[in-house]
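Student: Hints are included, so try docking the two chains, each in its own frame, into the full complex.
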Amino acid sequence: MPNPEAYVGRPTSRVDGPAKVTGAARYAAEYFAPDLAYGVVVSSAIARGRITAIDTAAALAVPGVIHVFTHENRPRTAWLDYNYRDEVAPPGSPFRPLHGPEIQFSGQPVALVVAESFEAAGYAASLVKVEYEAAGHVTDLEVKRHEAYVPKKKRAGVKPPPEPRGDPEGAFGAAPVHVDGDYTHAIEHHNPMEPHASTVVWEGDGKLTIYDKVQGSQNSQKYVASVFGLNADDVRVVNAYVGGAFGSGLRPQYQLFLAVMAALELKRSVRVVLTRDQMFTFTHRPHALQTIRLGADEEGRLMSVRHDVVQSTSQFEDYQENIVNWSGLMYRCDNVALTHKLAQIDTYTPGDMRAPGATTGVFALEIAMDELAERVGIDPVELRLRNYAEKDQDENKEFTSKELRECYRIGAERFGWSRRNPAPRSMRDGRELVGWGMATGCWEAYFQKTSARARLAAGGELEIATASSDIGTGTYTILAQLAADDLGVPIERVAVRIGDSSLPASPIEGGSWTAASAGAAVQAACGAVREKLLGLARSIDGSPLANAGIEHVAFRDGRIELAGDPERFVTLADAMQAGGVEHVEAEETVSPDILTSMRYSMYTHSAIFAEVKVDEELGIIRVTRIVNAVAAGRILNPKTARSQVLGGIVMGVGMALEEESMLDHNLGRFMNHNFAEYHVPVNADIHDIDVIFVPEHDDKANPLGVKGLGEIGIVGTAAAIANAIYHATGKRIRALPITPDKLL
Amino acid sequence: MNNFEYLRAETLDQAVAAAAANPAAKFIAGGTNLVDLMKYNVERPERVIDITRLPLREIAPTEEGGLLIGALVPNSDLAYDERIQACYPLLASAILAGASPQLRNSATTGGNLLQRTRCYYFYDPGTPCNKREPGTGCPAIEGQNRIHAILGTSEHCIATHPSDMCVGLAALEAVIHVQGQGGARRIPIGEFHRLPGDTPHIDTTLRHDEVVTGVELPPSDYGSNHTYLKLRDRLSYAFALVSVAAALKIEDGVVAKARLALGGVAHKPWRDTAAEALLVGNPPGRERFAAAAEEVLRDARGYAHNSFKIELARRAIIRALEQAAAGTPQSQTDKRIR
Ligand SMILES: Cc1cc2nc3c(=O)[nH]c(=O)nc-3n(C[C@H](O)[C@H](O)[C@H](O)COP(=O)(O)OP(=O)(O)OC[C@H]3O[C@@H](n4cnc5c(N)ncnc54)[C@H](O)[C@@H]3O)c2cc1C
Ligand code: SF4
Chain Y
1 MPNPEAYVGR PTSRVDGPAK VTGAARYAAE YFAPDLAYGV VVSSAIARGR ITAIDTAAAL
61 AVPGVIHVFT HENRPRTAWL DYNYRDEVAP PGSPFRPLHG PEIQFSGQPV ALVVAESFEA
121 AGYAASLVKV EYEAAGHVTD LEVKRHEAYV PKKKRAGVKP PPEPRGDPEG AFGAAPVHVD
181 GDYTHAIEHH NPMEPHASTV VWEGDGKLTI YDKVQGSQNS QKYVASVFGL NADDVRVVNA
241 YVGGAFGSGL RPQYQLFLAV MAALELKRSV RVVLTRDQMF TFTHRPHALQ TIRLGADEEG
301 RLMSVRHDVV QSTSQFEDYQ ENIVNWSGLM YRCDNVALTH KLAQIDTYTP GDMRAPGATT
361 GVFALEIAMD ELAERVGIDP VELRLRNYAE KDQDENKEFT SKELRECYRI GAERFGWSRR
421 NPAPRSMRDG RELVGWGMAT GCWEAYFQKT SARARLAAGG ELEIATASSD IGTGTYTILA
481 QLAADDLGVP IERVAVRIGD SSLPASPIEG GSWTAASAGA AVQAACGAVR EKLLGLARSI
541 DGSPLANAGI EHVAFRDGRI ELAGDPERFV TLADAMQAGG VEHVEAEETV SPDILTSMRY
601 SMYTHSAIFA EVKVDEELGI IRVTRIVNAV AAGRILNPKT ARSQVLGGIV MGVGMALEEE
661 SMLDHNLGRF MNHNFAEYHV PVNADIHDID VIFVPEHDDK ANPLGVKGLG EIGIVGTAAA
721 IANAIYHATG KRIRALPITP DKLL
Chain F
1 MNNFEYLRAE TLDQAVAAAA ANPAAKFIAG GTNLVDLMKY NVERPERVID ITRLPLREIA
61 PTEEGGLLIG ALVPNSDLAY DERIQACYPL LASAILAGAS PQLRNSATTG GNLLQRTRCY
121 YFYDPGTPCN KREPGTGCPA IEGQNRIHAI LGTSEHCIAT HPSDMCVGLA ALEAVIHVQG
181 QGGARRIPIG EFHRLPGDTP HIDTTLRHDE VVTGVELPPS DYGSNHTYLK LRDRLSYAFA
241 LVSVAAALKI EDGVVAKARL ALGGVAHKPW RDTAAEALLV GNPPGRERFA AAAEEVLRDA
301 RGYAHNSFKI ELARRAIIRA LEQAAAGTPQ SQTDKRIR
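Residue numbers (full-length UniProt numbering), protein chains in the order written: chain Y, 1 to 744; chain F, 1 to 338.
Calculated directly from the structure, the hints in this document are not laboratory data.
Even glycine gets a Cβ: it sits at the ideal position worked out from N, Cα and C.
Hints are supplied without guarantee of correctness; some may be wrong.
As the list claims (entries may be wrong) - Below, in silico cross-link-like pairs of lysine-lysine (DSS-like), each with a Cα-Cα straight-line distance of 30 Å or less:
(1) Y:LYS391 <-> Y:LYS341
(2) F:LYS335 <-> Y:LYS731
(3) Y:LYS222 <-> Y:LYS20
(4) Y:LYS341 <-> Y:LYS152
(5) Y:LYS129 <-> F:LYS39
(6) Y:LYS154 <-> Y:LYS700
(7) Y:LYS152 <-> Y:LYS222
(8) Y:LYS144 <-> Y:LYS742
(9) F:LYS39 <-> Y:LYS20
(10) Y:LYS129 <-> Y:LYS267
(11) F:LYS257 <-> F:LYS335
(12) Y:LYS742 <-> F:LYS335
(13) Y:LYS154 <-> Y:LYS397
(14) Y:LYS129 <-> F:LYS26
(15) Y:LYS397 <-> Y:LYS159
To be verified - The calculated label-pair distances, taken between Cβ atoms and stated as ranges, are:
(16) Y:ASP35 <-> F:GLN102: 30 to 38 Å
(17) Y:GLY430 <-> F:GLN102: 29 to 37 Å
(18) F:GLU82 <-> Y:VAL21: 33 to 41 Å
(19) F:GLN102 <-> Y:GLY23: 15 to 23 Å
Next comes chain F alone, as it looks inside the complex (with noise of 0.2 Å):
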């Protein structure tokens, strides 16, 4: 770990002016993501801006009928949080699916939003990365790829986003409230991480100066026709190979809403819109449900090790819009899969 200057912002004026003014400079939250790469020396931040003392930390209602996650709600909160759990339920359940409890205690929503992807190769600063250095290649394309992207990867980089809550977010449509030196903006889940293509180093379009302030949820209709499902090399506590958040809307019988996203699959949460709409105005079924897994990986590419994934991710996708039309979704504590 190299040495750094500690600043501790006491409002977010001052976050966003001493990031502003150093090119160098990181914010820090949890630190669950950050501490690591810097103890790895993959991230080297001459200066280190705690922002754990900003008033972040509400869950409050918005005037559409959602709600507003603070970027500083830990992890934990937000899952048991009454009302995410009452009309988020996916949302809750996709953050279970993850880390530990104790990493889920310090975790805080935005910083999950901005971890960084979980290739081998990025962690280890002995190896060659595009994403770590720019233009030293990347040695996941033809080394060791079983946890890579099988969608929208570039000869650049085939790394996947890893975070199960963000999977629940592009479900459910939320959007991120940010603020920096240019004033605040608000950015749908969808535009907010990228894709590789040749600037993998760039995992999203926040700005440098810009600190995520809050999360955005409108308000949701599924009542239990959700799920989200992670399939992984062991039963807990394990990034996901693949999985699913699917929402369902179900009126008289036909799907009138349907939502789905895929984690562990793209450099980003990957929602397809394409899919959704072969759903909607349709009974759910067996047979839409795999139109929709068609349409989703249509375009996916696999590597020596991940190849599996398309096929996976096929029956994950299949299983759990089976899991939110009959209402059951999966259990994070039950590892038996539903």
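With the rest of the complex left out, here is chain Y (with noise of 0.2 Å):
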């Protein structure tokens, strides 16, 4: 029975609200110690050769500057690349910082200014002279096209391309209808607010504090104990709150290393900083030349499906998404083909954004799907029931749920699709085209081993600990929510602490499984001392609990009750005093079910429906409506889930329109690396968002039924503008950004 009281699926405000808001929330450049000295770092100004000399000399004049570090004086850091692998590197050989003179991506730290004061190191910084000699590079993915290759060795956690089913060349052939067309999008950096930063404090013996701004502090401590050779005991990494990341803090970032190297090599504290224009010459979502070919019958049964990428990687790692195997899943086809291969590129590895390969895939795929609509004549939402997947023949499994068709209903619905005229141009606001668009949404709902501890004190005091991260999606405010639920406190006595690499074993935040392996841990430590607490108040003599068993009571305002007659009850100081103790504490660690995975796929899903108005003259496009409907299991907390799928939602209205990291490859060089020119969504860019949440039920993906909620809102956006973009002005657009040039 649902408890009317309870805090989860209540919508909740932050709990970490008020600090965030006051500044008390301190970020991992905003911790001071008192020997710090600050680092800058001299980026390389080419893309790929090698340093012939470099010249510190002036550098080092400059007053305050304590040392700069090159490759001619870099500490030892460990030999293998082994050591330098993080938890989520892809296979190849991980950068290694200052390790020596080649030069493999522009932008490349070449050395490393500390002094006294930022200021110092800075100018220092602007006087080291670097003289390189120049190889050939290649930037440009198209140029690369022809050498790409199936990477040997994959990457643990993505699933590489199913095997080829049927015969989709002969049901191509066969096929009446067909679609065939090439589809792109610009390389995209996340752009977190926070730009990455290490503070590191020299706590003396060797021992370390690591303020990083990472999403999960315990690869970053793996990674400094294995490069530094130090033991794991001595590395602390924090990173109570993290500024945004997207992705772009999954693995350690140089500025780590660097911080690291010079607080070990100087045994004093240091922090270093990067600037906004270095924050583009690390991670980014890779460039990918997608081919997609569809063949349907004349009522729209897909009978082919083959979609081909070519995705960009560096020339040191085989970075690998998952991007052609949405084409096989989100549709009922029975003759498939699914490619992906690498080209190396001379930039820095790309990395995971934001629901990465789905939101690169999908955009193509359910902009296809539209062409096919069009093609046959038929309503893509009707194109979309027609061709409904009811299991998953990439895998052939059973879904855990799939609440797919009601998010079309519902989502429809709420749009008043029905009211839109298939025709393009054939919707006016005045002087504008109105188009109407659709596409689905799809993300895996993953579930990862975590552990949690829970403590609670006589007093009532409930605290809850998990290395887990909070990157902005919530995480502090469902935990204190399911924790204040478990054991009937209020969700003010509840503190969570996370963040921190002393605490109990958790991932990485990503992938959107933080909600669902985080929570379960915490519930399932809750849970252990929910059980503590009851063996506690039956031993008191006459307990009025004597004989109940756990699934007889309720924890609520501070007692044990027994369900159905709530007079009967043993506070839970009353129990902690008749066993003797002033807490009760439990740690728990849950992992996936090895059989439910095999036996289940476990997808999130939405539908998402946009209206742009466009002045075609001029080429400006407003989204001026955006209904979302999202089916993620069970909503934890309504309002901080909103916000997720909403951020996502703006974030694909970014990569619809805007969002475009510009290469010069003469230079080999992201040239577009600040805020001004690199455009992501501003507020005139967004109108009205309407994020639905789906009722689904799934009591199989992970023990608290939900499905993670951070990446799902960018998945399809693209393609309902671009969709609704066409539909408008019959401008059909495969290439993203859709810049006003692209409508002249």
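Tutor: The following block contains the structure:
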């Protein structure tokens, strides 16, 4: 029976909100130490080649400069690639800062200037003179396309394309209706508000406390220990607050290496903060060249699906995303061929960015489906219903749950889709053309092994602890809600401690798995505390709960009550007193059930509807309305959940219309490396966004039945907008972002 | 950022003398552009002369019936000044089309005139750039040039002047008041900014020791027949791909006077008097507007990524003139284009 007093399921404001808006919440670059020195990175001007000379004399002469680290004087660090491979590293040789004279990408760190003040370090950094011998570089994926290869080593945790099924070529030939198109999008950089930064506090005796901008404190901890040959216990990494990351903090970035290197060498605390332009020198959403071929019968039923992708990676790592599998998963089709290849260009290794792979692949697939609907002459929603996948044909599994039909129905109804005139260019509002488009979204519902600890004190204070992070998603809040409900304490009494490598083990925060995984771990730990408390309560002489099992009691208002007879209870304080303890504590670990994951596929789904208004003559597009109906299992906190989906949608608007990291292929360098020229949506770009959570019950995906919401909001959004633009203008744009020039 | 000496000027003479004494000195007003450029090591002044205490914050009527705007009047104050809103709404609109409220609160009239290009390469000392380091070359010509100029370019530089305010000032025929060691000068706005030629590192005709003291606006008589139309890659807070300031004086159904200036297309606010002349003496109408646009763009030249600006500018000119003729100036708050 749902508990009407429960925090879970109720819109609950962020428990960390006051700390954030008052500035009490501190981020990686906001920690101080009495002996703090400041490091500023010097970045390479060329994309490939070698350093022939590096002159640090002028920099060293600046008053306050302590040291300039270069490849020539870098302290020794681990030798093997293996030591540099973090939890989410793709196959290959991870980048090693200041390793040698070789330059592998533009903006590569070539020196670290450390000084008594940030100002001195910054000035000195501008005086470091580097001479290079440039070698030919290539940063244009089109040029490297013909060298594309299937990566030999697969990246752990990323599904390679499934084997082809049926006879895709034959079926395509036989199909009366065809869609055949090339799709592409621009490279994007994550650009979280908070720049990447590490403050390394030298605690003496080789012990370090590191405040790092990262999505997993234990990932950084292991990396630092392994690269610098330290004992993991001597390295504590804290990321209590993260000012956005979107995947850019999954892997430890080079400022961490540099700050730790300097701290160990100088035996003092060091902070390194990257500048906004340096935020364009590492991970990014890779470029991808996609081709989709759909064959269908006259009713629009898919007969053949082919999706081929060449994705960019660096020269040193085989970064891989699942871009194409969605095309075999999302719709029913018996003849499918999906291929994914890599081509190396001279940039840093790309990395996961909000719904990696899905954002890319689904945007192409969902535009292709819109093209198909038009060719067949049926409504785009109807086309998707006709091809509805009842099971996962890629892996031949049932879904744990899939309320996508309801997403289409409820989303279409809220949007008013039935009033759509199917003909392109048929709808107007004054001078502007109006377009309505839609798309499907899909993302994996992951669940990861995670540990958590719960500790309830006799006074009623509950502390929850897990190394998990909150990158702005609301983890603090949902963990507090879950714990408060489980132990019947007011949420104000719950202290959530996360973002600290010394806490119970947790994976990086990524893949939208944290709510499910950390949440289940917290629930398990609280469950264990409940058991212990009940045991103590029952041990009281003449206990009113003497014969009660855990299923017979409720924890409410600091009491353990007999369900159905709340007058029979033991207070938590009395139970602890009886046991002679001041607090009760338990740590639990949850992990996915292998059998379930062998039998079932777990996905979050959504249906996105978008309205655009286009001033055709001038190419100016306004996204005036978006409705996104999401089926993501149980919603723990409708308020933070909605924020996550909103954020994803806004990023989808950015992908559709604005975001583009521009490479100068002659220089091999990203050029618009600042917020004035790398455009993300501003308030004026965002109008009505309606997020609907479609009821979905899932008792298999994980113990909590939640599927995660951090990423689903972006998947499909760009396609819905591109489809709306087509509907408005009759122009089919298959290359993102759709800037004004593309409509002229 | 380099180390520099900081001086606060209490009088105009002090400011001028301090600049004259050091060829690597820079004035600082709102600092919204200079400080950014210093952080990027693009500007490395040895001496920074703070002019914000100088008495240049008034907007005063002139004998001719216009206004003299002090160089330190913040962009926000200027845009919301009652006299500006009543008599020079085109200028108010141009200012409000630019930057963000926070920036406009800090930015000054003089600083806005002298803001530097937004060319990606100019901002990145890791790349060559003739404007930043004369003689190193212009990578934009063969590189990323989406935001670059289509008019008045040279083989040495194809950068644009990024200001919105200045486009409004060009259409309103403002005169810049400056003072240096050689005394006071008045420079018509059209002669203030330069084309790049073979000296793209020199943006304006202002001398090193000269302080901009004010901007004079002649009387204006366009009523509601004006507009500032700015087209950009997002609906707010982006520099113009193309912008158009247009003002018409219409008497008895005929254009008696026309002013037309473009932003985002050249190294300076681009006013075209020949195009204006084509409009005068004719009733306002799309055909005439198209002829004017043709005239403005006659010598336009595009590069790999910015050729679209030629067509975009043509359409923007026509639309802006339509807005001006109809007396329905573009709103800067409602992003729907009229
Ligand atoms: C993110 C961003 C977005 C922006 N978007 C826009 C936009 O869309 N449209 C737009 O028009 N502008 C935009 N701007 C630019 C903004 O308008 C300018 O930065 C501002 O007007 C500069 O004024 P300031 O007083 O801050 O100048 P400062 O930075 O103080 O000075 C700029 C230059 O002018 C010189 N100077 C200043 N005052 C005088 C004087 N009285 N005499 C002689 N020399 C002087 C300085 O020496 C310096 O070289 C944007 C700026 C930023 C940072
Ligand atoms: S266009 Fe001008 S400012 Fe830009 S790189 Fe070329 S010379 Fe430099």
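Student: Each hint needs a verdict: does it hold in this structure or not?
Tutor: Status of the hints after comparison with the structure:
1. Annotation: proposed proximity of LYS391 (chain Y) to LYS341 (chain Y) holds, straight-line Cα distance about 26 Å (limit 30 Å).
2. Under the criterion of a C-alpha separation no larger than 30 Å, the hint pairing LYS335 (chain F) with LYS731 (chain Y) is consistent with the structure, at around 22 Å.
3. With a C-alpha separation of about 28 Å, the suggested pair LYS222 (chain Y) and LYS20 (chain Y) falls inside the 30 Å cut-off, and the hint holds.
4. Between LYS341 (chain Y) and LYS152 (chain Y), the direct Cα distance comes to roughly 10 Å. Compliance with the 30 Å bound is thereby established for this hinted pair.
5. Restraint check: the Cα-Cα separation between LYS129 (chain Y) and LYS39 (chain F) comes to about 18 Å, which is no more than 30 Å; the hinted pair holds.
6. The straight-line distance between the Cα atoms of LYS154 (chain Y) and LYS700 (chain Y) is roughly 28 Å, inside the 30 Å bound, and the hint therefore holds.
7. For the proposed pair LYS152 (chain Y) and LYS222 (chain Y), the alpha carbon gap of about 26 Å is at most 30 Å, so the pair holds.
8. Proximity of LYS144 (chain Y) to LYS742 (chain Y) is assessed by CA-CA distance (about 25 Å); at most 30 Å being required, the pair is judged to hold.
9. The straight-line distance between the Cα atoms of LYS39 (chain F) and LYS20 (chain Y) is roughly 27 Å, inside the 30 Å bound, and the hint therefore holds.
10. For the hint linking LYS129 (chain Y) to LYS267 (chain Y), the alpha-carbon distance of about 27 Å falls within 30 Å, and the restraint holds.
11. Distance check on the hinted pair: LYS257 (chain F) and LYS335 (chain F) sit about 28 Å apart at the alpha-carbon level, within 30 Å; holds.
12. As the CA atoms of LYS742 (chain Y) and LYS335 (chain F) are separated by approximately 20 Å, the hinted pair is consistent with the 30 Å bound.
13. A threshold of 30 Å between alpha carbons decides the hint, and for LYS154 (chain Y) with LYS397 (chain Y) the separation of about 22 Å falls inside it, so the pair holds.
14. Between LYS129 (chain Y) and LYS26 (chain F) the CA atoms are separated by roughly 25 Å; this keeps the pair inside 30 Å, and the hint holds.
15. Our distance criterion of 30 Å between C-alpha atoms is met by LYS397 (chain Y) and LYS159 (chain Y), whose separation comes to about 15 Å.
16. As the Cβ distance of ASP35 (chain Y) to GLN102 (chain F) is approximately 36 Å, the hint placing it in 30 to 38 Å holds.
17. Distance hint check for GLY430 (chain Y) and GLN102 (chain F): the Cβ-Cβ separation is about 33 Å, which falls inside the suggested range of 29 to 37 Å.
18. For GLU82 (chain F) and VAL21 (chain Y), the hinted distance range of 33 to 41 Å is satisfied, since their beta carbons lie about 36 Å from each other.
19. Judged by the Cβ atoms, the range 15 to 23 Å given for GLN102 (chain F) and GLY23 (chain Y) holds: they are separated by roughly 18 Å.
The structure agrees with every numbered hint stated previously.
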